Amino acid sequence: VTKWTTIAGCFRFWETFAIVYYLPSFFQKVYPLFKGEYGLYNAMIVAGMGFLSTIVGGLLSDKYEKKSRMTKSYICMIGSALGLPAIMLCTLVTGNFYLSLFAMAVKYLVAECWMSPAITMMQATVKPEDQGNIVSAHLFYLTIAGCISTVLLGQAANMMGAATNPAVYGKLLSIWSAIGYIGAVPAFWKAGKLYQKKMNQVEEEAQANAKLSPA
Amino acid sequence: VIGFTYGYQAVGAKFNSPTYMITASYPQLFAYYGVISSFAYSVTYSTLGVWAGVLSGKMNRKVLLAISCILWSLTTVGGGAINSFAFFCMMRVALGAFQSACNPASYSIIADYFPPAYRSTANAIETSGSYVGGGIASFSVILIAKYGWRAMYQIIGWLGVAVGVAALLVIKEPERGAYDLAP
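First to last, the protein sequences are chains D and Y. Our numbering runs 143 ahead of the 1-based position in the first sequence. Our numbering runs 2 ahead of the 1-based position in the second sequence.
Bound-form chain D, shown alone (with noise of 0.2 angstroms):
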């Protein structure tokens, strides 16, 4: 479950890392009259939308997780599919501030609901001294793949000529989000198919337990 998990976090941290650092670098270039209302609607959209994406996907998780162990998975696989038209037209549109804050915060809401189920997951097949670690070793890996998507993404940016033409910051998060979001998908579904066997798997040892124990 940890690896699989890590392997899907590992694409979501390769397009959050370019998204948080140069998503603000496209749009200040690119609509730099706009950056007090920028200031102003992207705090209001990361703050809202990013803790109404997380604090939903938590809610759903725990709520359905009985119905189906699978829920997990489900919610960080929709957010993933979700968030990349929604970062695309975000980052592709550049002659109209409003429709790529608009794009950005469907982005923010569809697609933040991730960590939590993610890192639940790990947590619940893992032992309660290794939670720390798992989620520091967890957190290496994704910082990782994030830090070599940055240095990249910059490569390519100078590359590009991004100084001088900044809608090449759009063209290529969108390009780097794809990878990420394609990516984490088909990782975050095996990773559910293994919690599932492994909680399957406790629940049955519970019950014999429970059955061999004298009443």
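Simulated from the structure, these hints should not be mistaken for lab results. Treat the numbers as computed from the prediction; the structure is a model and nothing was measured. The beta carbon of each residue, even a glycine, is placed where N, CA and C say it ideally should be. If a hint is listed, it holds; no wrong ones were tucked in.
Pairwise CB distance ranges (calculated):
hint	chain 1	residue 1	chain 2	residue 2	range
1	D	P329	Y	A164	42 to 48 angstroms
2	D	P329	Y	W160	43 to 49 angstroms
3	Y	P117	D	Y284	27 to 33 angstroms
Got chain D; can you put chain Y on it based on the hints?
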């Protein structure tokens, strides 16, 4: 905030002013922004994060979290206060080192505060902090426009120090493994 600082495009009289545009203070960023924003930070964040995970399994996680918060905030203060590109880069490296303790300690505390049935929701609230923080970070653009990027770094850094001290006073260390059975 480095993304907003680097992306800040001053216009009019403020254009190319080192007070408002970090690229006027440090033109090296044009070539090395990707490396400094991400790699310099991540190299310590990811490697020391593994060690921080081990530490969070052994020491008081509340103290680990609060002290690391105070220290990473001081790197932000330093990054704005000292006029040296090398020092700025060192502060990015130190920021990654100190922030590496945050997630292992906080997720571990959450796992001991909440039973498994509520843990996704609890983890979600922790995770949402990065979005709320990321959103609030956009206000740095307004602070840069008004006071300049160095002042903005120092304001945000000292706020972080205050939050770290508050964490030390408010958070309680839970009992380890209170809700868990070994799978």
